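Trainee: Protein sequence lines, in the order shown, are assigned to chains V and A.
Number 5 in this note's numbering belongs to position 2 of the first sequence; there are no gaps in the numbering.
Number 47 in this note's numbering belongs to position 45 of the second sequence; there are no gaps in the numbering.
Just so you know, these hints were derived from the structure itself, not from any lab.
Quick caveat, the model's predicted, so the values are computed rather than measured.
Honestly, I wouldn't trust all of these hints.
[Said to hold, decoys possible] With the C-beta cut set under 10 Å, the calculated list includes, among others, these residues of chain A facing chain V: (1) 33; (2) 137; (3) 219; (4) 230.
[Stated by the list, open to error] With a Cα cut of at most 25 Å, we get these calculated DMTMM-like pairs of lysine to aspartate or glutamate: (5) V:19 <-> A:219; (6) V:56 <-> A:219; (7) V:170 <-> A:52; (8) A:276 <-> V:101; (9) A:42 <-> V:203; (10) A:321 <-> V:50; (11) A:321 <-> V:38; (12) V:163 <-> A:46; (13) V:171 <-> A:52; (14) A:135 <-> V:36; (15) V:164 <-> A:37; (16) A:123 <-> V:203; (17) V:188 <-> A:274; (18) V:54 <-> A:215; (19) V:18 <-> A:215; (20) V:171 <-> A:256; (21) V:113 <-> A:52.
Using N, Cα and C, we set each Cβ at its ideal position, and we do this for glycine too.
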Amino acid sequence: MSFETQKNEIIKICKKLFKEEGTKVIIGFAQSEVEGITTPLFMRTAEDAEKLKWDSQCTPNLAKYLLEKRGKVGIVAKTCDARAIVMYLVEQQIKRDELYIIGVECPGMKNNDATASCGCEACKMRIPPIYDVLVKYNAEITLPDSEEASNTVAIEDNLKKFQDEMKKCILCYSCRQVCYGCYCKSCFVDMNVPNWLPGEISEGAKMIFHLGRAMHLAGRCVECGACERVCPSGVNIRYLIKEITKFTKELYAYEAGIDPEETPALAVFNPNDSEAAMSGSEVQ
Amino acid sequence: MSTIAIPKLKLVEILDKIKESYLLVAPVRNQGILDFAVVKEAAEIELSNDIAYKSPKEYLFPQVEKILRFTSEGGLTPSEEVPQTVLLGIKPCDLEAIKIMSAVFTTGKYIDTGFANRLEKTILVGLGCTEEKSACFCDERTVDKALSKDCDVFLTDRGNYYAAEIFSQKGQKLLDGFCLEIINDGERVKEIQQGLLEINAEENDLFNKIDWERLTEKCLGCGICTYICPTCHCFEFKDVVEKKGAVTRYKCWDSCMYPRFTLHASGHNPRESKQDRYRQRVLHKYLYVKQNFGYTACTGCGRCIRSCPVGMNIHSVVKEINNILNVKGEN
Ligand code: SF4
Ligand code: SF4
Ligand code: SF4
Ligand code: SF4
Ligand code: SF4
Chain V
4 MSFETQKNEI IKICKKLFKE EGTKVIIGFA QSEVEGITTP LFMRTAEDAE
54 KLKWDSQCTP NLAKYLLEKR GKVGIVAKTC DARAIVMYLV EQQIKRDELY
104 IIGVECPGMK NNDATASCGC EACKMRIPPI YDVLVKYNAE ITLPDSEEAS
154 NTVAIEDNLK KFQDEMKKCI LCYSCRQVCY GCYCKSCFVD MNVPNWLPGE
204 ISEGAKMIFH LGRAMHLAGR CVECGACERV CPSGVNIRYL IKEITKFTKE
254 LYAYEAGIDP EETPALAVFN PNDSEAAMSG SEVQ
Chain A
3 MSTIAIPKLK LVEILDKIKE SYLLVAPVRN QGILDFAVVK EAAEIELSND
53 IAYKSPKEYL FPQVEKILRF TSEGGLTPSE EVPQTVLLGI KPCDLEAIKI
103 MSAVFTTGKY IDTGFANRLE KTILVGLGCT EEKSACFCDE RTVDKALSKD
153 CDVFLTDRGN YYAAEIFSQK GQKLLDGFCL EIINDGERVK EIQQGLLEIN
203 AEENDLFNKI DWERLTEKCL GCGICTYICP TCHCFEFKDV VEKKGAVTRY
253 KCWDSCMYPR FTLHASGHNP RESKQDRYRQ RVLHKYLYVK QNFGYTACTG
303 CGRCIRSCPV GMNIHSVVKE INNILNVKGE N
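Same shape as in the complex, but just chain V:
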């Protein structure tokens, strides 16, 4: 019900943007030709807006398209998309005044079997952290009750867990490609001078890639879950990144994609940081 009212409101806003603001492109969601698969929609006219879809299957990430320069664009943003927008703003990849953000209060996305979509299972932030207009859900949203299960694996077993996950990885790099945080023009694993990876798809190569990627996402992951959704082999790799996210929160009181005015944790030196934050010793 409430999805439906939200959808109608978004369509109204889009039409208004085309008519009154002269917006050229608005990025939203549409039903693809195949049932159960949602696809991004690039609206250019008021008629296109009629194709908009908004329901519990709108998992694709939209904010990454903002990195391709298009001039002024509108975007339908659920919380994780909006968090990515904040990340891109603080990392100075996009300009706020070239964006019109239709923030959508998100009740959580679902897989086709009605379980919570990867990323949504633990998401407690349903109102986007940034928007020009907010489209409320207008019904109660049940948040996941328990604290997110932290990595309860004992340190000694950590290596084994990692190795078990790595056995499944085929090093296709799709997780990197869909990730909001991975937008380097040339990724360290693609370089041949120097060559960071061995030739074979060995455990070592996977370790260099995944640990390297996880470190590059310190204080930058916006918890959208896209990396795990795309993985062809069902690798659970977000647990590593979640740990790093937890560290950044505890050490620097910083969470990615929340405050567009705040400098990213690892981009600033703050003499008031704790001893642990400076020396990198174990979190107390």
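For this one, chain V is given, so just place chain A with the ligands on it according to the hints.
Mentor: Just chain A with the ligands, lined up with the frame of chain V:
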């Protein structure tokens, strides 16, 4: 050749026996995902209507293959021996793909000895589908989901037994010695639907009259469509220098969806943007392989559609291309 009946109750026993002399690769479900794997116990094999998430191509065309090693002293070691393999449970679309890949790698001027060697040592056992899965469109791509003869043995589920049609000496040899009953399963012919999805247009028109930018603006370049595609076969070489003046040369999968695809040493890339690369993917499948080998290199398996994180759909893209070119043609 002949058709024999393999009772389902005896299947595991037979496969375990086969496993003693061959490397057995078949669909196995792991944490919910069905995929081809080297079988440890025949009981773990899943022969069902479901299709493996990734195609079995890596068993003929490995993701990374050590092709040779050379040293400053002039020594040169070629790649390793390939085991006798049984690749079991291949759907008709994937058998079609193996046929296409074999044309690319083992016919014409250039023969890929690694591929040819593996193919030679592999016994292909097909398995019919009973129903199409969401996004499958094999019926529009010359594939009969219930039957394929491009294999050594083809299995059809007949309730409490599999009808195994034998198409080659290799297949005959595999099942010899199991004392299985020869049956008459009726004369079966491959049924091909009309209305094939193809592209019959000039390359120039395809380059110039199609707005590839619009068609591909959603693509994130993740490459997963090419990794799981049964007919994608691009590769690159990678030389890894070891310490003592020795170099190992690897042949690794490449993907036209990656920005480094066809990047020249000069820094120039003839396929610079994602629309250039996606155009390559569609035209390679629907035009270039057809020009060079006579087949459209898309089997309609639907894997790329099911796995694309943003719902790109090659079936609709090809239809749209045809629409655009036909409309333009009539004007
Ligand atoms: S690491 Fe995964 S969850 Fe985090 S931003 Fe990247 S794709 Fe999203
Ligand atoms: S998407 Fe999955 S298989 Fe591919 S590199 Fe990432 S973790 Fe590995
Ligand atoms: S292009 Fe897609 S549908 Fe065609 S063979 Fe490859 S994965 Fe299957
Ligand atoms: S060019 Fe692209 S579509 Fe063609 S085989 Fe290579 S990776 Fe696949
Ligand atoms: S799977 Fe989809 S997003 Fe990824 S490269 Fe292929 S078409 Fe693009």
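Trainee: If a hint holds in the structure, say so; if it doesn't, say that too.
Mentor: Evaluated hints:
1. Interface restraint check: residue 33 of chain A against chain V, minimum CB-CB distance 5 Å, threshold 10 Å, status holds.
2. Annotation: residue 137 of chain A was flagged as interfacial toward chain V, and the flag holds, the nearest CB pair being 5 Å apart, inside 10 Å.
3. Taking 10 Å as the C-beta contact cut-off toward chain V, the hint placing residue 219 of chain A at the interface holds, the least distance being around 6 Å.
4. Interface restraint check: residue 230 of chain A against chain V, minimum CB-CB distance 6 Å, threshold 10 Å, status holds.
5. For a cut-off of 25 Å, the pair hint linking residue 19 of chain V to residue 219 of chain A stands: about 24 Å separates their Cα positions.
6. About 18 Å separates the Cα atoms of residue 56 of chain V and residue 219 of chain A, which keeps this hinted pair within 25 Å; it holds.
7. Using a Cα cut-off of 25 Å, the hinted pair residue 170 of chain V and residue 52 of chain A holds, with the two alpha carbons roughly 23 Å apart.
8. Of the supplied pair hints, the one linking residue 276 of chain A and residue 101 of chain V holds, its CA atoms being roughly 23 Å apart against a limit of 25 Å.
9. Distance restraint check for residue 42 of chain A and residue 203 of chain V: the Cα-Cα separation of roughly 24 Å lies within the 25 Å cut-off, and the hinted pair is therefore satisfied.
10. Between residue 321 of chain A and residue 50 of chain V the alpha-carbon distance is near 22 Å, which keeps this suggested pair within the 25 Å criterion.
11. For the proposed pair residue 321 of chain A and residue 38 of chain V, the alpha carbon gap of about 18 Å is at most 25 Å, so the pair holds.
12. Straight-line distance between C-alpha atoms of residue 163 of chain V and residue 46 of chain A comes to about 24 Å, which keeps the hinted pair within the 25 Å bound.
13. Taken as a hint, the residue 171 of chain V and residue 52 of chain A pair is honoured in the structure, with Cα atoms around 20 Å apart against an allowance of 25 Å.
14. Taken as a hint, the residue 135 of chain A and residue 36 of chain V pair is honoured in the structure, with Cα atoms around 14 Å apart against an allowance of 25 Å.
15. A C-alpha spacing of about 21 Å is found between residue 164 of chain V and residue 37 of chain A, which places the hinted pair at or below 25 Å, so the restraint holds.
16. A C-alpha spacing of about 23 Å is found between residue 123 of chain A and residue 203 of chain V, which places the hinted pair at or below 25 Å, so the restraint holds.
17. For the suggested pair residue 188 of chain V and residue 274 of chain A, the alpha carbons sit about 13 Å apart, so the restraint of at most 25 Å is met.
18. As the CA atoms of residue 54 of chain V and residue 215 of chain A are separated by approximately 20 Å, the hinted pair is consistent with the 25 Å bound.
19. The straight-line distance between the Cα atoms of residue 18 of chain V and residue 215 of chain A is roughly 24 Å, inside the 25 Å bound, and the hint therefore holds.
20. For the suggested pair residue 171 of chain V and residue 256 of chain A, the alpha carbons sit about 19 Å apart, so the restraint of at most 25 Å is met.
21. For the hint pairing residue 113 of chain V with residue 52 of chain A, the CA-to-CA distance comes to about 22 Å; that is within 25 Å, so the pair holds.
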